[in-house]
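Peer 1: Make the full structure from the sequences, and use the hints.
Position 192 (the sequence shown) corresponds to 192 in this note's numbering; numbering is contiguous.
Simulated from the structure, these hints should not be mistaken for laboratory data.
Heads up, a few of these hints could be off.
[Said to hold, decoys possible] As a list, the in silico BS3-like pairs of lysine-lysine whose alpha-carbon atoms are at most 30 Å apart:
hint: 1; residue 1: 311; residue 2: 221
hint: 2; residue 1: 202; residue 2: 56
hint: 3; residue 1: 220; residue 2: 191
hint: 4; residue 1: 202; residue 2: 191
hint: 5; residue 1: 217; residue 2: 367
hint: 6; residue 1: 311; residue 2: 217
hint: 7; residue 1: 56; residue 2: 191
hint: 8; residue 1: 191; residue 2: 217
hint: 9; residue 1: 202; residue 2: 220
Everything numeric in this text was worked out from a predicted model, so none of it was measured.
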Amino acid sequence: MSLTNIYRMLRLIIVLISVVVIALCLFYITTYTYPFIFAVMIAFILNPVVNFLEFKLNINRPIAVFLSILFVLAFITGIITILVVELINGTTYLAEQIPTHYQALVIFFQELIAEKIIPIYQQIASMFSTLEENQQDVILQNIQDVGENIASQGALLLQQILQNMPKALGNVSNYVTILIFSLLGTFFISKDWYKLKEMFMKHTPELVNTSTSYIIKELKKALFGFVKAQFTLITITGIIVMIGLVILQVEYAFTIAIITAAIDILPYLGTGLVFIPWIVYSFLSGDYFLTIGLSILYVTVVVQRQLMEPKVLSNNIGLNPLATLIALFVGYQIWGFLGLIIGPVLLVVLNTIHRAGVIHYVWLYIKGDEIKKN
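Peer 2: Below you can see the structure in the form of structure tokens.
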């Protein structure tokens, strides 16, 4: 092997080791500093609003940052308040309707037991009486084992729930602490945004500054494109659900559509949280027209989501539809439902790094060629 190839191999090893070390450092750093990483992300998102208040309305930057954070908190609080009010209204409506449906459900189960279950039980009892004594003992022992197993599993589940309740309640204070530190970090980072940016650029090479600026610019476009894509998808879901419920003559169609659209942010699982229990309840209560209608509506929503999501994401974040589909699938296989968000985000990051020329510069370094500045 020539000396040139040996140097190239050494530089390749250096690059691989650097990538592994950086990844490990980021992993351990984020474990302890994630509230401030959230703060950087929030400050990054709020920066255009802060700039508008500072430069267009001549508001002092710290005050502009405070007002921006206050606006976001007020907006989130308003959304939660609206959802709570709608939930209370829906609960009140259900409280009025449940007694009637409950009575119908009781009658349905009474008829089911009388017409289906009791005849089956009588047939089994007559068959059981014809068996030999040892066969009867085996069947009774198996039934007892199944009952004990169900009871033990139920007790274990209840025990785990009770054991995890203090932990869940303890996490509330942890979440509040994280929120406070994230908000404080957002304030100070956003207030000194340009000072921190100048400090970063001062202590890094020009090539790194150029690549970083391009990456941040593209990530900003991709971030807003991703948010726009998700808003488009849940809006389409809400419209389809509202039209379907109006056709089915369901009361509070608009409220249910809004709640379903909001829950649709959870990929795949979202609309199912609303429709599946509703469909089961409608079937058990004997309302087969509503059962069929809700089933068709649910399938329509799921299918349109699967067909539209890759196309809408690719149009808004500038990625190939096939690449987006692969990212969604790979992300789902690795991280589950959360991977349906992580996959496209990582694809955007990799695509941005590639378009910024970072991979090209790394390849030039490995080859030992001179890196020319643009």
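Peer 1: Each hint should be assessed against the structure and marked as holding or not.
Peer 2: Outcome of the hint check:
Distance hint between residue 311 and residue 221 is fulfilled; the C-alpha atoms sit about 17 Å from each other, no more than 30 Å. With a C-alpha separation of about 28 Å, the suggested pairing of residue 202 with residue 56 holds against the 30 Å cut-off. The straight-line distance between the Cα atoms of residue 220 and residue 191 is roughly 19 Å, inside the 30 Å bound, and the hint therefore holds. Under the criterion of a C-alpha separation no larger than 30 Å, the hint pairing residue 202 with residue 191 is consistent with the structure, at around 19 Å.
As the CA atoms of residue 217 and residue 367 are separated by approximately 29 Å, the hinted pair is consistent with the 30 Å bound. Distance restraint check for residue 311 and residue 217: the Cα-Cα separation of roughly 23 Å lies within the 30 Å cut-off, and the hinted pair is therefore satisfied. For the given pair, residue 56 sits about 16 Å from residue 191 by alpha-carbon distance, which is consistent with the 30 Å threshold. As the CA atoms of residue 191 and residue 217 are separated by approximately 20 Å, the hinted pair is consistent with the 30 Å bound.
Of the pairs offered as hints, the one joining residue 202 and residue 220 holds, with about 22 Å between alpha carbons and a cut-off of 30 Å not exceeded.
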